[in-house]
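J.: In case you want the letters, here they are:
There are 2 protein chains.
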Amino acid sequence: MITAKLQATALAHPNIAFIKYWGNRDDQLRLPLTGSLSMALDGLDTVTHVSFDPDLAADRFILNGMEQSGAALNRVASFLDHVRQLAGINLFAQVESSNNYPSSAGIASSAAAFAALALAATKAAGLELGEAGLSRLARLGSGSACRSVPGGFAEWLPGSGDADSYAVQIAPPEHWDLVDLIVVVDRSEKAVGSSAGHKLAATSPLQALRVAGVPERLEQCRTAILMRDFERLAQVVELDSEWMHAVMRTSNPPLYYWTPATEVVIWNVRAWRAQGHAVCATVDAGPNVHVIALAEEAAWAEAQLRALPGVLEVLKAKPGGGARIIN
Amino acid sequence: MITAKLQATALAHPNIAFIKYWGNRDDQLRLPLTGSLSMALDGLDTVTHVSFDPDLAADRFILNGMEQSGAALNRVASFLDHVRQLAGINLFAQVESSNNYPSSAGIASSAAAFAALALAATKAAGLELGEAGLSRLARLGSGSACRSVPGGFAEWLPGSGDADSYAVQIAPPEHWDLVDLIVVVDRSEKAVGSSAGHKLAATSPLQALRVAGVPERLEQCRTAILMRDFERLAQVVELDSEWMHAVMRTSNPPLYYWTPATEVVIWNVRAWRAQGHAVCATVDAGPNVHVIALAEEAAWAEAQLRALPGVLEVLKAKPGGGARIIN
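Protein chains in written order, with the numbering used here: chain A, 194 to 520; chain B, 194 to 520.
These are calculated hints, taken from the structure and not from any lab test. Please read these numbers as outputs of a predicted model, since none were measured by experiment. Idealized CB from N, CA, C, for every residue including glycine. Do not take every clue at face value.
Calculated pairs, DSBU-like style, for lysine-lysine (alpha carbon to alpha carbon, straight line, at most 35 Å) [claimed, not checked]:
1. B:K198 / B:K383
2. B:K316 / B:K392
3. B:K511 / B:K316
4. B:K392 / A:K383
5. B:K198 / B:K392
6. A:K383 / B:K316
7. B:K316 / B:K198
8. A:K383 / A:K509
9. B:K392 / A:K392
Listing some non-contacts, in silico: residues in chain B with all C-beta distances to chain A over 12 Å [to be verified]:
10. L199
11. A265
12. S303
13. G326
14. A384
15. G390
16. K392
17. A405
18. E409
19. P446
20. E456
21. P502
22. G503
23. L508
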């Protein structure tokens, strides 16, 4: 019976952007205005099982054990349409996905979700896309998911169009012993999701200026990683995060993701670095802070962070690998 | 008749702080937690005439032609009490003060106001306090007024107590051909004045960290001025401004003085400097931005600033002198 083979399970990690993705030149295809660069987060795992099943009358999506409907289901079903088209099949699928990290931690799970889904669904459908093709496919589900496909330290090449807009690994996870301390200061759902936020980017009078500076910052960041130069990394990571949030705050309507606790963490991290500690801070589209540190500083930094007012939780992740089949 | 001699007129300029004053160790005496450093603003003039008059039954305060009452009058009357005590006189005074710059420009006028009042009132009362004594007296009216007494590039020495907390000129106005382009983006009255703001500083978990870094930043700023090193000045001026606003935003209740237009100006200035222009930005307790530039860049920068969205007005000031008697 054919059904037995039309299933697969994949694992992928979320990633933290060192150089941010904010704004598309094509929202539908999720073609970004600029390149971006990230580190995959080991230990934070999304595991997704996909089975195409002739008995199904519609796609189903179960997230952390809960049957999904509405927008969440539609986003998955639309993504499966791409896979069905590529594979030339017309079966509906059941998608079961679970994260081993709390959704209340404010870690963007869509990158890991669509990286795992792209791999599991194509494998289940009998496709072998290769890393670039898989990264490109994952991008259609969530832009930053393309960086979770190769994993490690990954750069999203913006490309000239759909065909060449995907991510490549610039260094494997073991290249540099960094840690991401994810500092949770707010557990509420964000009011404006990333997809909606990307569409607002163009309304900021700072977006063109931010975009113009990205190639130089990408170069700095890539070099810092390849040379394992923490101070250079710290400066460009913090500057790039500041640029993105300046764009957000000056959008129309403005996006204020930070809380006072966000700032308390950021400024303490800067003060620690001024004292000689290898730590820096970056913030995605939300209030929580990712503190990047050399592994040897991680225990010290975690203790300091936990003592700051407003800090609810600190999660820890090392550089992680790419999306992979696990059964 | 004695009355003819009991009057004097003085002129003083406001100043822009390169290293900010934010938070007191003694609110009553306005003894600051840290030193601070500023440039007096030539062409922005407060002229104050004081006459002690035996015919008056109370102090009077006329500001820009309008008779004042309530808090504004009380603040002047309390200040005159210090002068009366020093001079051993018990006459009431009429204070007439006017500014040649629009109050809607959001330039803190209290520094110039109390510097001019301190000089005019002591002169009218027959006192000769000398620069340090006058600076110390002006401080009791408004902390930053002590820096407008010596003028030029002035550093407020926090001192060990009331007696030695005053400002000194570290370089005269002609030492360095800088320009302050005051970029007005909001003409509304600020909701929280500086005196109230200083009292909130201690509620920020970042204030102690900010304060700890001030001596190093003062040293950097002083050296940058003495060496006329614009890049060094720019970096420390922007960092110190960022620290103060981080404290404000993390106070309880938080103080958000910036508008989106504030950020648009700040980030454009940073981008221009990255392109090689000698410009930097600093923001006082309000939304308007002071863009400090080398004089040779001022015309170019002013034109760029006027073209930014949200910019209502740009005023221009060179380094100014100290408080002086003008009649």
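J.: Now look at each hint and say whether the structure bears it out.
T.: Okay, the hints, checked on the actual structure:
The suggested pairing of B:K198 with B:K383 is violated, with an alpha-carbon distance near 39 Å, which exceeds 35 Å. With a CA separation close to 32 Å, the supplied pair B:K316 and B:K392 stays within the 35 Å bound. Simply put, B:K511 and B:K316 have alpha-carbon atoms about 27 Å apart, close enough for the 35 Å limit, and the pair holds. Between B:K392 and A:K383 the alpha-carbon distance is near 33 Å, which keeps this suggested pair within the 35 Å criterion.
For the suggested pair B:K198 and B:K392, the alpha carbons sit about 40 Å apart, so the restraint of at most 35 Å is broken. A hinted pair counts as satisfied when its Cα atoms are at most 35 Å apart, and A:K383 with B:K316 does not qualify at roughly 61 Å. Distance restraint check for B:K316 and B:K198: the Cα-Cα separation of roughly 10 Å lies within the 35 Å cut-off, and the hinted pair is therefore satisfied. Proposed proximity of A:K383 and A:K509 is supported: the alpha carbons are some 22 Å apart, at most 35 Å.
For a cut-off of 35 Å, the pair hint linking B:K392 to A:K392 is broken: about 41 Å separates their Cα positions. Listed as outside the interface, B:L199 is consistent with that label: its C-beta sits roughly 51 Å from the nearest C-beta of chain A, beyond the 12 Å cut-off. The beta carbon of B:A265 is kept farther than 12 Å from every beta carbon of chain A, the shortest such distance being approximately 32 Å. The beta carbon of B:S303 sits about 28 Å from the closest Cβ of chain A, which is more than 12 Å, so the claim that it is off the interface holds.
Once the 12 Å rule is applied to beta carbons, B:G326 is consistent with being away from chain A; the minimum gap is 37 Å. Distance check on B:A384: its Cβ is at least 17 Å (rounded) from any Cβ of chain A, clearing the 12 Å threshold; non-interface status holds. At roughly 15 Å, the least C-beta separation between B:G390 and chain A is larger than 12 Å, which holds for a residue marked as non-interface. For B:K392, the non-interface assignment is confirmed: its Cβ lies about 17 Å from the closest Cβ of chain A, beyond the 12 Å cut-off.
Annotated as non-interface, B:A405 brings its C-beta within 12 Å of a C-beta of chain A; the closest such distance is 8 Å. Non-interface call for B:E409 relative to chain A: violated, since the shortest CB-CB distance, roughly 8 Å, does not exceed 12 Å. Non-interface status of B:P446 relative to chain A is broken: a Cβ of that chain comes within 12 Å, the nearest being about 10 Å off. A Cβ of chain A approaches the Cβ of B:E456 within 12 Å, the least distance being about 5 Å, so the stated non-interface status is violated.
With a cut of 12 Å on Cβ distances, B:P502 falls inside the contact zone with chain A, its closest approach being about 5 Å. The beta carbon of B:G503 sits about 8 Å from the closest Cβ of chain A, which is not more than 12 Å, so the claim that it is off the interface is violated. The beta carbon of B:L508 is kept farther than 12 Å from every beta carbon of chain A, the shortest such distance being approximately 22 Å.
Of the numbered hints given earlier, the model fails hints 1, 5, 6, 9, 17, 18, 19, 20, 21, 22; all others are met.
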